[in-house]
Structures are given as structure tokens and as C-alpha cells.
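Input sequences plus hints: build the corresponding full structure.
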Amino acid sequence: MDASSSKAADVLYPREHGGPSLAAMTLFVSLFLSALITAFYGLVDSSVHPQEYNDGIHLAVSPKCGELSGNVTDANAGLDLRNYKTIVSFGDSYTDGGKQDGSPLNPPIVIPPDPGAGGRSTNGKVWVENIADDFGARLMDYAVYHLPFSVNTGC
Numbered sequence: 001m002d003a004s005s006s007k008a009a010d011v012l013y014p015r016e017h018g019g020p021s022l023a024a025m026t027l028f029v030s031l032f033l034s035a036l037i038t039a040f041y042g043l044v045d046s047s048v049h050p051q052e053y054n055d056g057i058h059l060a061v062s063p064k065c066g067e068l069s070g071n072v073t074d075a076n077a078g079l080d081l082r083n084y085k086t087i088v089s090f091g092d093s094y095t096d097g098g099k100q101d102g103s104p105l106n107p108p109i110v111i112p113p114d115p116g117a118g119g120r121s122t123n124g125k126v127w128v129e130n131i132a133d134d135f136g137a138r139l140m141d142y143a144v145y146h147l148p149f150s151v152n153t154g155c
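Per full-length UniProt numbering, residue 1 is the first one in the sequence shown, and the count goes up by one each step.
Accuracy of the hints is not assured; some may be wrong.
What the hints assert, rightly or not - Think about it this way: if two alpha-carbon atoms lie no more than 25 Å apart in a straight line, the pair counts; the simulated DMTMM-like pairs of lysine to aspartate or glutamate are:
(1) Lys85 - Glu129
(2) Lys125 - Asp101
(3) Lys99 - Glu129
(4) Lys125 - Asp114
(5) Lys85 - Asp133
(6) Lys99 - Asp133
(7) Lys85 - Asp134
(8) Lys99 - Asp114
(9) Lys85 - Asp101
(10) Lys85 - Asp74
(11) Lys125 - Asp80
(12) Lys99 - Asp134
(13) Lys125 - Asp92
Said to hold, decoys possible - Per label pair, the in silico range of CB-to-CB distance:
(14) Arg138 - Thr73: 26 to 32 Å
(15) Asn71 - Ser103: 38 to 44 Å
(16) Ser30 - Ser69: 50 to 56 Å
(17) Thr86 - Val61: 31 to 37 Å
(18) Tyr94 - Asp114: 15 to 21 Å
(19) Val88 - Phe32: 46 to 52 Å
(20) Thr73 - Pro113: 44 to 50 Å
(21) Gly70 - Asp92: 27 to 33 Å
(22) Thr86 - Pro115: 28 to 34 Å
(23) Pro115 - Pro63: 37 to 43 Å
(24) Ile57 - Val144: 16 to 22 Å
Since the hints were derived computationally from the structure, they do not count as laboratory data.
Model, not experiment: these values are computed from the prediction.
Cβ coordinates follow ideal geometry from the N, Cα and C atoms, glycine included.
And the structure:
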């Protein structure tokens, strides 16, 4: 064993104390906790283990999903956004400006220790605010942070 590996061994498992050092124990505990947390999140990850419980809510139809074909058209072509006076938005945290009633939003100011700006889940304006500002439109935001929904249609 060379001198450098002997020094490393003394740090991790000092001979004079007959046991592992604080650094070695800290490393072991942090690796153990990291593995435990990773295993736990792997067990509760809904994409790996889909939720089996259903309280009776189901689709009234069974959509047939298949390949998209045909011509593609930009449905927004020709729309002049400067002519729109109001933007009404619905969504989750990426759209939630901090109020769910369509009223004017609070200024997007971060006041520590809260990282959200004016009730938002972001540290500034949400995307729909920027669009409304760009075109001088009034924003009526009905989005709700933590809105429970799934985009998985089974297709």
C-alpha cells in the first residue's frame, strides 16, 4: 500500500480510534438516505405504478387513437392579436397568476422567504401575463395552482 492510499484509509477508517471517521459515517448515511429516497419515489411514481383506485369517474366514450394524417394548417393564421382586448386563461401552476377569480393580479414581486411572486408559483410573471402585456390586453386568470388532472388518455 502506498503512502497516499494509507492516508486515505486513515481518514475513512482511522486506526487509532478503531472505527470509522465522522466523514466516513456521514458519507455512508448520506448515500443510504439517497438510496432510500430514490427507492421510495420509485415506488410512488405514478408513471411506473399507475393508480389503480377509481371512484367511478370514467369516459362516456372510448376514443380510437391512431396515426395523424392529412394536411396541417395553422388555425391561428391571420389572427391579429392586437385586436383582442381580453385574454381569459385556465390552467394549473404554469398559468396561475395568484388569483382564481379573473380579477387583476397582484404585482409579480418576490417577498422573502416566499419564493413566489405575488401569489404565483413562479419568481415572476407567468407566460400568459407576458402575452397580455405584449398586446395590451386585459388578463382574466382563472388558473388554479395544484389543479389535479391527468393528460394521460390511454392512447
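List of violated hint numbers, smallest to largest: none
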